[in-house]
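Given next are the chains, with one letter for each unit.
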Amino acid sequence: MVEKEDAIISEEEAAQYDRQIRLWGLDAQKRLRGSRVLLVGLGGLGAEVAKNLILAGVKGLTLLDHELVTEESCRAQFLIPVDALGQNRAQASLERAQFLNPMVEVEADTDKAEDKPDDFFLKFNAVCLTHCSRDFMVRVDQLCAPKNIKVFCGDVFGYHGYMFADLGQEHQYVEEKPKVVKQSEDANDGPEAKKPKVDPNETTMVKKTASFCSLKEALEVDWMGGKAKTNFKNIPVGYFLLQVLLKFRTDKGRDPQPDSYTEDSGLLLQMREDVLEAMGVSIDLLPPNFVSYCFSEMSPVCAVVGGVLGQEIVKVIFLTIYYAYFLPVLGPQTVPCLMNKLSKMTLQPSPSCCQRSVRKWPWTVGLGQK
Amino acid sequence: MVQLVGPLRKELADSVSSCRVLVVGAGGIGCELLKNLVLTGFRNIEVIDLDTIDVSNLNRQFLFQKKHVGKSKAQVAKESVVQFCPKANITAYHDSIMNPDYSVEFFRNFALVMNALDNRAARNHVNRMCLAADIPLIESGTAGYLGQVTIIKKGLTECYECQPKPTQKTFPGCTIRNTPSEPIHCIVWAKYLFNQLFGEEDADQEVSPDTADPEAAWDPSEAAARATASEQDGDIKRVSTKDWARSTGYDPVKLFNKLFKDDIMYLLTMDKLWRKRKAPLPLEWSELQKQGEHSHFSLVEEMLGGGLKDQHVLGVYGYSQLFSESVKTLSSQLAERGAGAELVWDKDDPPAMDFVTAAANLRMHVFSMNMKSRFDIKSMAGNIIPAIATTNAVIAGLIVLEALKVLSGDLDQCCTIFLNKQPNPKKKLLVPCALDPPNLNCYVCASKPEVTVRLNVSSTMIQTLQDKILKERFGMVAPDVQIEDGKGTILISSEEGETEGNNSKFLSDFGIRNGSRLQADDFLQDYTLLVNVLHSDELGKDMEFEVVGDAPDKAPTPSTQEEGKNITNGNKDSAQPSTSSTGNNMHCCRNNLCRLNSWRCSVCK
Numbered sequence: 001m002v003e004k005e006d007a008i009i010s011e012e013e014a015a016q017y018d019r020q021i022r023l024w025g026l027d028a029q030k031r032l033r034g035s036r037v038l039l040v041g042l043g044g045l046g047a048e049v050a051k052n053l054i055l056a057g058v059k060g061l062t063l064l065d066h067e068l069v070t071e072e073s074c075r076a077q078f079l080i081p082v083d084a085l086g087q088n089r090a091q092a093s094l095e096r097a098q099f100l101n102p103m104v105e106v107e108a109d110t111d112k113a114e115d116k117p118d119d120f121f122l123k124f125n126a127v128c129l130t131h132c133s134r135d136f137m138v139r140v141d142q143l144c145a146p147k148n149i150k151v152f153c154g155d156v157f158g159y160h161g162y163m164f165a166d167l168g169q170e171h172q173y174v175e176e177k178p179k180v181v182k183q184s185e186d187a188n189d190g191p192e193a194k195k196p197k198v199d200p201n202e203t204t205m206v207k208k209t210a211s212f213c214s215l216k217e218a219l220e221v222d223w224m225g226g227k228a229k230t231n232f233k234n235i236p237v238g239y240f241l242l243q244v245l246l247k248f249r250t251d252k253g254r255d256p257q258p259d260s261y262t263e264d265s266g267l268l269l270q271m272r273e274d275v276l277e278a279m280g281v282s283i284d285l286l287p288p289n290f291v292s293y294c295f296s297e298m299s300p301v302c303a304v305v306g307g308v309l310g311q312e313i314v315k316v317i318f319l320t321i322y323y324a325y326f327l328p329v330l331g332p333q334t335v336p337c338l339m340n341k342l343s344k345m346t347l348q349p350s351p352s353c354c355q356r357s358v359r360k361w362p363w364t365v366g367l368g369q370k
Numbered sequence: 001m002v003q004l005v006g007p008l009r010k011e012l013a014d015s016v017s018s019c020r021v022l023v024v025g026a027g028g029i030g031c032e033l034l035k036n037l038v039l040t041g042f043r044n045i046e047v048i049d050l051d052t053i054d055v056s057n058l059n060r061q062f063l064f065q066k067k068h069v070g071k072s073k074a075q076v077a078k079e080s081v082v083q084f085c086p087k088a089n090i091t092a093y094h095d096s097i098m099n100p101d102y103s104v105e106f107f108r109n110f111a112l113v114m115n116a117l118d119n120r121a122a123r124n125h126v127n128r129m130c131l132a133a134d135i136p137l138i139e140s141g142t143a144g145y146l147g148q149v150t151i152i153k154k155g156l157t158e159c160y161e162c163q164p165k166p167t168q169k170t171f172p173g174c175t176i177r178n179t180p181s182e183p184i185h186c187i188v189w190a191k192y193l194f195n196q197l198f199g200e201e202d203a204d205q206e207v208s209p210d211t212a213d214p215e216a217a218w219d220p221s222e223a224a225a226r227a228t229a230s231e232q233d234g235d236i237k238r239v240s241t242k243d244w245a246r247s248t249g250y251d252p253v254k255l256f257n258k259l260f261k262d263d264i265m266y267l268l269t270m271d272k273l274w275r276k277r278k279a280p281l282p283l284e285w286s287e288l289q290k291q292g293e294h295s296h297f298s299l300v301e302e303m304l305g306g307g308l309k310d311q312h313v314l315g316v317y318g319y320s321q322l323f324s325e326s327v328k329t330l331s332s333q334l335a336e337r338g339a340g341a342e343l344v345w346d347k348d349d350p351p352a353m354d355f356v357t358a359a360a361n362l363r364m365h366v367f368s369m370n371m372k373s374r375f376d377i378k379s380m381a382g383n384i385i386p387a388i389a390t391t392n393a394v395i396a397g398l399i400v401l402e403a404l405k406v407l408s409g410d411l412d413q414c415c416t417i418f419l420n421k422q423p424n425p426k427k428k429l430l431v432p433c434a435l436d437p438p439n440l441n442c443y444v445c446a447s448k449p450e451v452t453v454r455l456n457v458s459s460t461m462i463q464t465l466q467d468k469i470l471k472e473r474f475g476m477v478a479p480d481v482q483i484e485d486g487k488g489t490i491l492i493s494s495e496e497g498e499t500e501g502n503n504s505k506f507l508s509d510f511g512i513r514n515g516s517r518l519q520a521d522d523f524l525q526d527y528t529l530l531v532n533v534l535h536s537d538e539l540g541k542d543m544e545f546e547v548v549g550d551a552p553d554k555a556p557t558p559s560t561q562e563e564g565k566n567i568t569n570g571n572k573d574s575a576q577p578s579t580s581s582t583g584n585n586m587h588c589c590r591n592n593l594c595r596l597n598s599w600r601c602s603v604c605k
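Those protein sequences? They're chains A and B, same order as listed. All residue numbers for the first sequence refer to UniProt numbering, where the first residue is 1 and numbers rise by one. All residue numbers for the second sequence refer to UniProt numbering, where the first residue is 1 and numbers rise by one.
So that you can see chain A by itself, here it is in the shape it has in the complex (with noise of 0.2 angstroms):
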């Protein structure tokens, strides 16, 4: 999947990536140092998984944006310089993102994301897709995920966010588990190594296949078939909030904007209305207070979902997967966010699972890769 990483890391790369090596391994390193990675929109929220991903250090990021810097993208933003007015979003926020790490090959593309061609995303071992729209994210993964190239999405609508993984029908990965050990067979780590004990730093590495749902197939769930509404209060009502949102973004061509506050609340409440009947379910389930907090990007709301986001992609990119389609919620009364718990996950242990006693770290991962 990832390219034929260089077998050597250099003394620079291993000075500065020291602390994350510390963390998740060598290989991991080398391999996120073979992927290349597509990042629709450099929002505010674009900007955080940018910066993630370079920090990380990836092999090459391309960041694809046709929209032009306005004030709201100025305020938005850290990567964007205040006199970049007028510019193209992801040129302006070329030169920052590149000083984040120069080992990273870094490049912005001007183009509509909607007008490339298919074979433009098959170039990427991940694509993650911001202030997208329906339509366009639903294509792409219906084109990447097959393919395994693994598609994630994800926005920030004022205080709500939400983020998206399709990682295929047969995502290989590899699960770290605790090892009980009872008698070590390096017999030399001292005396005490005789003891039986459950060791939380010596792992065993599992390999498993799960099987994730596509984004089409989440959005279109059918409220009113039986089993679904057996589900309905485990759906937070971030879910519904998206739709609305969703379908906004579609019909206006962009995002509720602080500017029109009062023609768009209204636009929203009405689009609350329509989207919930259409799909069979009581419009209480999606309180009106909504629009006063669904407006412009929330910077810390960019940075958990960012966060959790650019995490997310880094893991997959290691072939590993503690939980991948999850998504932060925080206490209702605070900042809801939205869930994707509609992915469903089969797990079939392969039939060679390798149990080999390891290292937290630097573990080495022997998958059978394709």
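This list has only true hints and no planted wrong ones.
Calculated lysine-lysine pairs in the BS3-like style (CA-CA distance at most 27 angstroms, straight line):
hint, chain 1, residue 1, chain 2, residue 2
1, B, 426, A, 207
2, B, 421, B, 165
3, A, 208, B, 421
No lab work stands behind these hints: they were computed from the structure.
Use these hints to put chain B onto chain A, whose structure you have.
What follows is chain B alone, placed relative to chain A:
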């Protein structure tokens, strides 16, 4: 009609842009936090950090670039932020928050204080300052994938010190000196050795065999006899390690043979120690050199394996060479600095790290333990906590969200939030937990805090009371102590030079005995603690004092001589456990900010 300024309602946007806030720390969390604050609309920010930028910071402290290495974190952070938000009014202090310039009055200027620290001493201090000033404090911490945010508000919530935190793990002297059984014991020994040879000598950091080890004696009188015998031999006990080394000109071969042959052979004579343990095997320099020449292979070949150079484990011969080279380098550094000079151990100083790597590994080999790579030893010796950008990004985002609640006057909506590595059974990655009310018996925030300390009044010095008990254990920075004897006899004054003469006297010299009460004040922290003295002749070995009343499962391990500043010399993570423990299911962010078993909380279970 609701009016928005960006994503915020106008009233909130106005208080955000006008209030003053303080950020303590400009590192991993601090950089992310400053960015979030200005993008949210905060305009009056003060940031303080005593540290300078290191290359290992660059994987996450994104406001810094390679060209900034060596410069002040607070200063460069300010400059970088102002670039993308020129309207932000940021004041940067390259200073320690514990400096008395930052008085309670200083803290009162702020609507809110946010910690972005990495050590307990500073957290304790800021906790007290915010209690004294009655300013809300947002505490946070991260380690690896884990993190936590919480609020501290006087009278409303627990303060940072309401619950006792586990203290740094320490090891008994005889384990370090006589019977190491784990690599960490050898690493601690090697750090002690560094100090004994090149740094500040400390009586609590002996490296020579401990003849008074109670385990070694077949009968009690024997231990005393051994102790006398060794003194008559004129060995280490009479001549300091440093003086002895100097007398040999820091000859690496002589040092090697003393530490890894002679001292080991001495240990072997204490045969009772080896009845149930594998006995150590001495090493001899010239023998090792002969063997080594045959089996030595080049490092270049190893590197083609693709691992980090530091992750390779050399053989015994290789480490003997490393030992010799580092001793030569360090001793010439010492000589260059002239008489009375002392080196300070720093994990990022290559010869210092080489020395500990070599010495620890040689000792591990002697005691039949598998040797470790420099990479691993650096983690343990340097208390390195692995860190990544995304965890800090999430936590800093949560800090600002809590800050907004505080500014809106919605403190009742605040909570503690834990960031897990994996979603819990309820599929939550971020787990909120209700805030606890203050502990009425807290020795910091209770109305008249009191503690009881068990110690031996005839053998505890005033210096120990000041440094180990009041400063280290109870977090005071500049204590003033008087005896509650009706006369207010002054024992310790925070003013320099006033009570130095008392330092080596014992408590009993001042009439302090069982039941005496001492009043300790730290005026900077506006903190008064009443100490009840409980005299005991029978404290455990290596235990100088014990705080009575700590719940057993939360009690600190006995505070011993080993818990000295030199164990983590030069490392800003000064109160970290000596093995970095970020196990999969433990919440253990820097300095145990969070409680363990947090998901048993009644809100989130």
